[in-house]
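Residue numbers (our numbering), protein chains in the order written: chain A, 5 to 359; chain B, 5 to 359; chain C, 5 to 359; chain D, 5 to 359; chain E, 5 to 359.
In case anyone wonders, no lab produced these hints; they're calculated from the structure.
You may find that some hints are simply not true.
Pairs involving identical chains hold if they fit within one copy or between any two copies, as the list cannot separate such chains.
As the list claims (entries may be wrong) - With a straight-line cut-off of 30 Å between C-alpha atoms, the simulated DSBU-like cross-links for lysine-lysine are: (1) 166 <-> 86; (2) 294 <-> 356; (3) 166 <-> 30; (4) 294 <-> 223; (5) 127 <-> 357; (6) 294 <-> 357; (7) 164 <-> 86; (8) 83 <-> 166; (9) 357 <-> 300; (10) 30 <-> 231.
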Amino acid sequence: MPRLVMKRAQRKVGLAPGTLVHVGEKKIEKARIRIIDYNETQLEEKEAKTVEECFPFKDKPTITWINIDGVHDLEAVEKIGKHFDLHPLILEDIVNTQQRPKLEDFGNYIFVVLKMLYYDEEKNELEAEQVSLIFGSNFVISFQERVGHIFEPLRERIRKGKGRVRKSGADYLAYALIDSIVDNYFVILEQLGEVIEDTEQELATNPAQETLQSIRVFKKEIIFLRKSVWPLRELVNSLERGESSLINESTGIYLRDVFDHTIQIIDTVESYRDMLSGMLDVYLSSISNKMNEVMKVLTIFAAIFIPLTFIAGLYGMNFKFMPELEWYWGYFAALGFMAFVGISLVIYFRRKKWL
Amino acid sequence: MPRLVMKRAQRKVGLAPGTLVHVGEKKIEKARIRIIDYNETQLEEKEAKTVEECFPFKDKPTITWINIDGVHDLEAVEKIGKHFDLHPLILEDIVNTQQRPKLEDFGNYIFVVLKMLYYDEEKNELEAEQVSLIFGSNFVISFQERVGHIFEPLRERIRKGKGRVRKSGADYLAYALIDSIVDNYFVILEQLGEVIEDTEQELATNPAQETLQSIRVFKKEIIFLRKSVWPLRELVNSLERGESSLINESTGIYLRDVFDHTIQIIDTVESYRDMLSGMLDVYLSSISNKMNEVMKVLTIFAAIFIPLTFIAGLYGMNFKFMPELEWYWGYFAALGFMAFVGISLVIYFRRKKWL
Amino acid sequence: MPRLVMKRAQRKVGLAPGTLVHVGEKKIEKARIRIIDYNETQLEEKEAKTVEECFPFKDKPTITWINIDGVHDLEAVEKIGKHFDLHPLILEDIVNTQQRPKLEDFGNYIFVVLKMLYYDEEKNELEAEQVSLIFGSNFVISFQERVGHIFEPLRERIRKGKGRVRKSGADYLAYALIDSIVDNYFVILEQLGEVIEDTEQELATNPAQETLQSIRVFKKEIIFLRKSVWPLRELVNSLERGESSLINESTGIYLRDVFDHTIQIIDTVESYRDMLSGMLDVYLSSISNKMNEVMKVLTIFAAIFIPLTFIAGLYGMNFKFMPELEWYWGYFAALGFMAFVGISLVIYFRRKKWL
Amino acid sequence: MPRLVMKRAQRKVGLAPGTLVHVGEKKIEKARIRIIDYNETQLEEKEAKTVEECFPFKDKPTITWINIDGVHDLEAVEKIGKHFDLHPLILEDIVNTQQRPKLEDFGNYIFVVLKMLYYDEEKNELEAEQVSLIFGSNFVISFQERVGHIFEPLRERIRKGKGRVRKSGADYLAYALIDSIVDNYFVILEQLGEVIEDTEQELATNPAQETLQSIRVFKKEIIFLRKSVWPLRELVNSLERGESSLINESTGIYLRDVFDHTIQIIDTVESYRDMLSGMLDVYLSSISNKMNEVMKVLTIFAAIFIPLTFIAGLYGMNFKFMPELEWYWGYFAALGFMAFVGISLVIYFRRKKWL
Amino acid sequence: MPRLVMKRAQRKVGLAPGTLVHVGEKKIEKARIRIIDYNETQLEEKEAKTVEECFPFKDKPTITWINIDGVHDLEAVEKIGKHFDLHPLILEDIVNTQQRPKLEDFGNYIFVVLKMLYYDEEKNELEAEQVSLIFGSNFVISFQERVGHIFEPLRERIRKGKGRVRKSGADYLAYALIDSIVDNYFVILEQLGEVIEDTEQELATNPAQETLQSIRVFKKEIIFLRKSVWPLRELVNSLERGESSLINESTGIYLRDVFDHTIQIIDTVESYRDMLSGMLDVYLSSISNKMNEVMKVLTIFAAIFIPLTFIAGLYGMNFKFMPELEWYWGYFAALGFMAFVGISLVIYFRRKKWL
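The whole structure should be built from the sequences, with the hints applied where relevant.
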C-alpha cells in the first residue's frame with residue numbers, strides 16, 4: 005500500500021534548495037529512456053542508451069516525447085534539466101516521489117506531477133507511482149518510477165497515426181498522457197469497488213477479525229486516493245482554463261472532458277468513503293449480535309437447569325420425615341415434575357421469542 | 005439499485021478520446037426513434053425506422069424533437085452526431101451511461117446530461133437511467149436508455165397545443181423535458197420517504213437483522229440520490245443565468261422555477277440523510293435494550309434459585325448431629341423458609357424496578 | 005409535526021407549469037379575506053365576501069393590505085393573480101404549501117414565501133404554516149393557510165396609528181409582517197428549548213424508552229427548523245441589500261434588525277442541535293450504566309452463594325469415612341464456616357467498591 | 005451558566021420595533037453612571053446622579069467616556085439615546101441582553117455589542133454579561149449590566165496618563181475597552197482549560213456519574229463561548245479594515261492586534277472543543293472497562309467453583325455400589341482432587357491472562 | 005507536549021498594549037546573540053556580548069543576520085526594538101510565546117512568527133518553540149527561545165558560500181530560515197507517523213489501557229500540529245504573492261516551493277488525523293472482542309457443567325424407590341452418561357463455532 009506516513013525525509017533536511025536527493029523506493033535497476041519523435045507525416049522511435057541522445061531533439065520542429073523510467077538516476081535527470089533549461093526546484097520535485105499532484109507554469113514550459121495507481125489484486129493492495137510531465141511547445145518529457153504499460157496504447161496510437169494525436173501539438177500529447185492516467189483511475193476504482201462490496205457482503209454474514217483489518221486497509225487506501233485525486237481536479241481545471249499560450253484552444257475541450265472524469269472519480273471516491281464510514285459500525289453490530297446470540301442461548305440453557313437442580317437438591321435433603329420420599333412412585337413423580345418444569349420453561353422462552 | 009461502484013470501465017481504457025463504447029446495461033432490444041415536429045399552427049409526429057429519416061428536419065424552421073430510446077445503438081448515435089455536427093466527446097458521453105449530470109455549452113447547441121429515477125416498489129429499489137439532451141435553436145434531441153412514460157404528458161400537451169409549449173421555441177421544450185424529470189424526483193422522494201418512515205417506525209418497535217439491511221440500502225440510495233441531485237443544481241443554475249443566446253429571457257423565469265425545485269429536492273434529500281444517520285444508532289440501542297431485557301430477567305431468575313439451592317444443599321449434608329433433620333415438621337419448615345426467601349427476593353427485585 | 009417527507013407530489017407531475025394545484029393539508033373550511041386600507045390620516049377596514057371586493061383598492065394611492073386565510077380556494081387565488089397581474093408560477097407556489105422560504109423580485113412587485121411556526125404545547129409538537137407575501141408600491145397581499153393570531157398586534161398598531169407603520173409605505177408593512185413572523189420564532193425557540201432542557205434533565209436521572217422517542221422527535225423538529233430558518237437568512241439579506249426600488253432606504257435599517265434576529269435564531273437552532281447531538285449518547289450511557297448496576301449486584305449475589313453451595317455439597321458426599329461428619333459440633337462448625345466465608349466475601353467486595 | 009435556551013422572548017412579541025423592553029436578569033439595583041472627560045492635559049472624573057449630568061459633555065471638544073452600569077433603567081437609556089441622537093433600534097438592542105456580538109456603523113457613530121465573560125470558580129460556571137459601546141468622534145458611551153472591575157486598569161491608565169490613551173481619540177478609547185474585554189477572554193480560557201484538564205485526568209483514573217455531568221456542562225459552555233467569540237472575529241475585522249472615518253489609521257494596527265487575539269481565542273476554543281469531543285468516549289470506555297473487570301473476576305470465580313460443586317455432587321449420589329465411597333482415604337482423595345482441579349484452573353486462567 | 009491550554013495569561017491583563025511581558029517557559033539561562041554579516045565576497049561572524057554590538061550593522065549595506073536565543077531577556081528585546089525602530093506590538097508578540105504563526109508587513113520590514121517543533125523520542129512527546137523573524141532590505145533578526153541546531157546547516161552554507169544564499173538578499177535569507185523550519189516539520193511528521201503506526205499495530209494485537217492513553221496524547225499533538233501548520237499556509241502564501249517590495253521576484257519561486265511543502269505537511273497531518281479518528285473505535289472493539297472471548301469461554305464452561313451437576317443431583321435424591329440406585333453398574337452407567345452429555349455439548353458448541 006502507498007505510504008501515508010512519510011519516510012526518509014530526514015535525508016533531505018539542511019540541504020540547499022535545489023539539491024537533488026532521490027526520496028522513495030528504487031523500483032527498477034537502470035533508468036530506461038525511450039524517445040518518440042513525430043509529426044503528421046514522419047515518425048522516429050528509439051531507445052536511448054545515454055541521456056545525451058535526447059539532446060538533438062530539442063531544437064527539431066517535430067514533436068518529441070522523451071520517456072524516462074527510473075527517477076533515481078540523478079545524473080540523467082540533472083543533465084536533462086540542464087539541457088532543457090529546467091528550474092532546479094523542478095528536478096528536485098521529480099526525484100522526490102512524495103510530491104502531491106500539482107501543476108506549475110514556467111512560461112515556456114509547464115510542469116505537472118501526477119500519481120499513477122495500480123491495484124495489486126494478489127495482495128489486495130493499492131500501489132502508487134509518481135509521474136512527472138514537462139511539456140513545452142514541441143516536446144514532452146515524462147518521468148516514471150518504473151517501466152509501466154499504461155502509456156502503451158497511446159504509443160500504439162502514435163505509431164499507427166490513429167486519432168488526433170499525430171495531427172496535434174505537444175499540448176495534445178500531454179493531454180493524452182494525463183488522460184491515460186486518469187482513465188486508469190476508473191479501472192482502479194472498479195477493482196477497489198468490487199473488493200469493498202465483497203467485504204461489505206461478508207461483513208453482514210460472517211464478520212471476522214480479518215474483515216476489521218480489511219476495513220482499516222480500505223480506509224487508508226481511500227485516504228490515499230483522496231490525496232491523489234482532489235489536487236488532480238484543481239490541476240486539470242487550471243490547465244483547462246487555458247491561461248497558458250502553450251495550450252491550443254482545440255485541446256481545451258479535451259481537457260474539459262478529463263476534468264469531468266476527475267470530478268466523476270472524486271464523486272466515486274467520496275461514495276466509497278461514505279460506504280466505508282458505516283462499515284465499522286455494521287461490523288461491530290454484527291459481532292455484538294453474534295455474541296449476544298451465544299450468550300442468550302447459554303443463559304437460557306442455564307436458566308432451565310437451575311430450577312431443576314433445585315428440585316433435585318430438595319429431595320436430596322436428609323430430613324427424617326419427608327413423606328414424598330416414602331411414596332412408591334415418588335421418584336418417577338419427581339422426574340415427571342422436573343420434565344414438566346423444564347418443558348414449560350422452554351415453551352415460555354420460545355413464546356417470548358428468546359429462544 | 006443503481007451502482008455506486010463503477011463497472012466495465014476497463015473496456016474503455018486506452019482507446020482514443022471520442023471512440024464510442026456503450027458502458028452500462030442494455031435495457032431494450034432495438035433503439036426506437038420518435039419525431040415530433042411542430043410550430044404554433046402545425047404538428048407532425050412519426051416514428052422513424054431509420055436514423056436517416058430524422059435528417060430532413062434539421063433545416064426546417066419548425067421545432068423538431070427527436071427522441072431516441074436505446075443508446076446502445078452506436079451506429080445510430082454516430083450518424084446523428086455526424087449529421088447534427090456534434091462533438092465526438094458528446095457522443096462518447098451519451099453512450100457511456102455512467103456520466104454525472106452536467107451541462108456543456110457549445111455555442112450553437114447545448115448538451116445536458118441528467119439522471120431519470122424510478123422507484124421499483126416491488127423490489128423497494130431505486131432505478132436510474134441516463135437522459136441526454138441536445139438542443140439548438142430549432143431542435144431538441146433526447147437520448148434515453150429505454151422507452152419511458154415520463155415524457156408522455158408533455159407529448160400530450162404538445163399534441164393538444166395546451167400551455168405555452170407550442171408557442172415557444174426549442175429552449176422551452178428543453179426546459180419542459182428537464183422539468184418533467186425534476187418533477188418526477190418529487191414522486192421518487194415521496195415514495196422513498198414513506199418507506200424510510202415505515203422502516204423507522206419498525207426500528208423502534210421491532211428491530212430485526214433485515215431492518216439493518218434496509219438501512220444500508222437506504223444509505224446507498226441516498227448517496228446515489230445526492231450524486232444525481234447536487235450537480236443538477238449547478239446545471240439548472242447555469243442554464244438560468246441565461247448566458248447562452250439559445251435561451252430566451254421569457255424561459256428564464258421557468259428555469260428559475262426548476263431551480264427552486266432542485267433546491268427543494270436537495271433539502272429533502274439532506275433531511276432524509278439526517279434522518280438515516282441516526283437510524284443505525286436507534287437500531288443498535290433497540291437491539292441492545294431488548295437483549296438487556298432478556299439477560300436481566302434470566303439473571304434475576306438465577307439469582308432467586310441460587311440461595312434456594314444452597315438451603316437445599318445445607319440439609320443434604322450428612323452430619324450425624326443435625327437437630328433440624330430430626331424435627332417432625334423440619335421438612336415443611338424448610339420448604340416454608342425457602343418459599344419465604346424466594347418471595348422476599350421477588351418483592352425486593354420488584355421494588356428495585358429490576359423485574 | 006411538520007412533514008419532512010413530501011406528500012401528494014404525485015398529483016402534480018405531468019401538468020403544465022403554472023397549473024394551480026393545492027398541495028398540503030386543508031386547514032380551514034372557507035377562505036377569509038380581510039382588507040385594511042390606510043394612509044397617515046385615513047383607515048378603512050373590511051372583511052370581503054368575494055374576491056372581487058379587493059379589486060378597486062389596486063388603483064387607490066393609499067396602502068392596501070389584503071389578507072387571505074385559506075390557500076386551497078384556487079379560484080380566489082387565480083382571480084387575484086389575474087387582477088394584480090401576478091406571474092402564474094407565483095400562484096402555483098402560493099397554493100403548493102411545500103415551498104421553502106424564498107424571495108423573488110419581479111420588478112414591480114416582490115414575492116416572499118415564509119414559514120410561520122406554532123408550538124402545540126399539548127402534543128409537544130411543532131406545527132408549520134406557509135405564509136406568502138406579495139408587495140408592490142401601494143399594496144401587500146398576504147396568504148395564510150388558516151386564520152392566525154400572529155398578525156393581530158400589527159393590525160392593532162395600524163388601527164391605533166402607533167409606531168411608524170401608518171406613516172410609511174407598503175415596504176414597511178411588508179417588513180412589519182416579516183418581523184412578526186420572525187419575532188414569533190423566538191417564542192417557538194423558547195418553548196422548544198425548555199422542553200429540550202427538561203428532557204435532558206430527565207435523561208440523566210431517569211432514562212426511559214419514551215425519552216429516546218422524544219429525542220428522535222426533537223431531531224426531526226430541529227431538521228425542520230433549520231430548513232425553515234437558513235433560507236430566511238438569505239431572503240432577509242437580499243431584501244436588506246436594497247437592490248429593489250420598492251424598498252425605501254429608511255426601511256433598510258429595520259430589515260437589518262430582522263436580519264440580526266434571523267442570525268440569532270440560526271445561532272440558537274444550531275446550539276440546540278449541538279445539545280441534541282450528545283443526548284443520544286448520554287441516553288445510551290445512562291441505560292447501560294443502569295443495566296450494569298443491576299447485572300453487577302446480581303452477579304455478586306451469585307458469587308457469594310456459589311462457594312457456600314459448594315461447601316454444603318462437600319458435606320453431602322456419601323464417603324464412608326468422613327471424620328467431620330461424626331463430630332458432635334460438626335454441623336454447627338460447618339454453618340459457622342459458611343457464615344464466615346459469606347461475610348468475608350461481602351467485606352471483600354465492599355472493599356473493592358463492587359458492592 | 006449563561007443560557008443557551010432563550011428566555012422571556014414572549015414579552016417582546018407584537019410590540020412595535022424600537023420599543024424598549026429589558027430582556028435579561030436584573031443584576032444590580034440602581035444604575036450607576038460614571039463620567040471621565042479628558043484630553044492630553046486635562047482630566048475630569050465624576051459620578052453622575054442623574055442622566056442629565058452627562059449631557060453637557062456632548063459638545064465639549066475633549067474625549068468623554070460615559071459608563072452606565074445597569075441597563076434595566078429604561079428611562080436613563082432612553083434619555084441618553086434621545087440626547088445623543090441614537091437610533092431607537094440601538095436602544096432596543098442595549099436593553100435586550102440576548103444580542104449576539106455585532107457592529108453597526110451609523111456614519112457619525114459606531115455601535116458595538118460584546119459579551120464580557122466571568123468564570124465563577126466556586127460554582128465552576130461561566131457567567132456572561134452584555135457590554136454595548138457607542139462611540140463617535142469625541143465620546144464613548146459604554147453600557148454594562150452590573151458594576152465590573154475589568155475596565156478598572158484602563159481607568160487607572162487614563163487617570164495617570166500612562167500609555168497612548170490620553171494622547172489619542174475616542175476611537176483609541178473604544179479600542180482600549182474592546183481590548184480589555186478580549187484580554188479577559190484569555191483569563192477565562194485559562195481557568196476553563198485547567199478545569200477541563202483536571203476533569204480529563206479524573207476521567208481516565210476515576211470515572212464517576214458526576215464527571216459525565218461535568219462534560220455536559222463543559223460542552224454547553226464551549227457552545228456558548230463559540231457563540232460569543234466567532235462573531236467577535238468578524239466584528240473586530242470590520243473595525244480594523246478602517247472603512248469608518250471615525251477610526252484613525254494609527255489605531256488600525258492596534259485593532260489588528262486585537263484581531264490576532266480573537267483568532268488565538270477562537271483557536272483555543274476549537275482546541276477545547278476537540279478535546280471535549282473525545283472525552284465522552286473515554287468516559288464510556290473507562291466505565292465499561294471497570295465494569296468488565298468486575299464481571300470477569302466474578303465469572304472466573306464462578307467458573308472455578310462450578311466443577312468443584314459437580315464433583316461434590318457426584319459423591320453425593322446414592323448409588324448402592326460406588327467403590328470410592330468405601331475407600332478409607334476416599335474423602336481425602338476427593339478433597340485433594342478438588343484442590344488440584346481448583347488450583348489447575350486458577351493457573352490456567354492466570355496463564356491466559358484472564359485473572 | 006506543547007500546551008493546548010493557555011497559561012499565565014493573567015499576568016498580562018490590564019496592562020497598556022505594547023508593554024513587554026514574557027509569557028512562556030524560560031528555556032535557557034542567558035540570552036545568546038550571534039551575528040553573521042555577509043555579502044557575496046565578505047563574511048563576518050561574531051557572538052555579541054551586549055545588544056549594543058548589533059547596532060552598527062543596521063546601516064551597513066551588507067546583509068546582517070542577528071540571531072537572539074532567549075526571548076525572556078526583555079531589556080535586550082526592547083533595545084533592539086528601539087534601535088531598529090520596530091513597533092511596540094511586535095516586541096510584545098516576540099516575548100509572548102503563545103502566538104499563532106502569522107505575518108505582518110510594516111512596509112520597511114516584515115514580521116513573521118513561526119513554531120519550530122521537536123520530537124522528544126524519549127518522552128514520545130512533541131515540543132514547540134516560537135521563532136520570530138523580522139527582515140528588512142538588508143537585515144534579518146531572528147528570535148528563538150533557546151539555542152537550537154536547526155539553523156546550523158544554513159549557517160554552514162553561508163560560511164562556505166554554497167548555494168544561492170551569499171548571492172541573494174535578506175529576503176532569500178529569510179526564506180532559507182523559514183524553509184529550514186518547514187523542512188524540519190517533515191522530520192517531525194516522519195517520527196510521529198512511525199509512532200502512530202506502531203501504536204495502531206499494537207492496538208489490533210494487544211490493546212492495553214496505556215494504548216488508550218497514547219491515542220489521547222496523539223490526538224492532542226495532532227490538534228497542536230494543526231494549529232501550527234494551517235496558519236503557516238496562509239503565511240507563506242501571502243509572502244509568495246509578492247506584494248511586498250522587500251521580496252525579489254526570483255525569491256518568489258522558492259517561496260512557492262515552501263508553499264507546496266506546507267500543503268504537503270497539511271495533507272499529511274490531516275491523514276494522521278483521519279487515521280487517529282478510527283483508532284479509538286478499533287481500540288474499543290478490540291477490548292470488547294477480547295472481553296467477549298473470555299466471557300464466552302467461561303459461560304460455555306458453566307453451560308457444560310450445569311447439566312452434569314443436575315444429573316449428579318438427581319441421583320443424590322433420597323427417594324426410597326429409585327431402581328437405578330440398586331443396579332450394580334448404576335454408578336458407572338451414570339458416570340458414562342455424564343461423560344456422554346459433556347462430550348456431546350462440547351461437540352455441539354464446537355460445531356456452532358462457539359468454542
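### Message
Checking an output row: residue 164 and residue 86, CA cutoff 30 Å. Within, between, both or neither?
### Response
between (33 Å within a copy, 24 Å between copies)
### Query
Given identical chains, is residue 166 near residue 86, meaning Cα to Cα at most 30 Å, within a copy, between copies, both, or neither?
between (34 Å within a copy, 19 Å between copies)
### Message
As a check of your reading, is residue 83 near residue 166 (CA-CA no more than 30 Å) within one copy, between copies, both or neither?
### Response
between (33 Å within a copy, 20 Å between copies)
### Status of residue 357 relative to residue 127 across identical chains (alpha carbons, at most 30 Å)
between (44 Å within a copy, 28 Å between copies)
### Task
Tell me, please, which holds for residue 294 and residue 356 at an alpha-carbon limit of 30 Å: within, between, both or neither?
Intra 19 Å, inter 11 Å, cutoff 30 Å: intra and inter.
### Query
Given identical chains, is residue 357 near residue 300, meaning Cα to Cα at most 30 Å, within a copy, between copies, both, or neither?
both (11 Å within a copy, 15 Å between copies)
### Identical-chain pair category, residue 294 with residue 357, by Cα at 30 Å
So residue 294 and residue 357 pass the 30 Å test inside a copy (16 Å) and across (11 Å) alike.
### Query
Between the shortest in-copy and the shortest cross-copy C-alpha distance, which are at most 30 Å for residue 30 and residue 231: within, between, both, or neither?
within (22 Å within a copy, 35 Å between copies)
### Message
Cα distance capped at 30 Å. Does residue 166 pair with residue 30 within a copy, between copies, both, or neither?
### Response
Close across copies (29 Å), not inside one copy (35 Å); limit 30 Å.
### Task
Tell me, please, which holds for residue 294 and residue 223 at an alpha-carbon limit of 30 Å: within, between, both or neither?
Both: 24 Å inside a copy, 23 Å across copies.
Taken one by one, the earlier hints all hold for this structure without exception.
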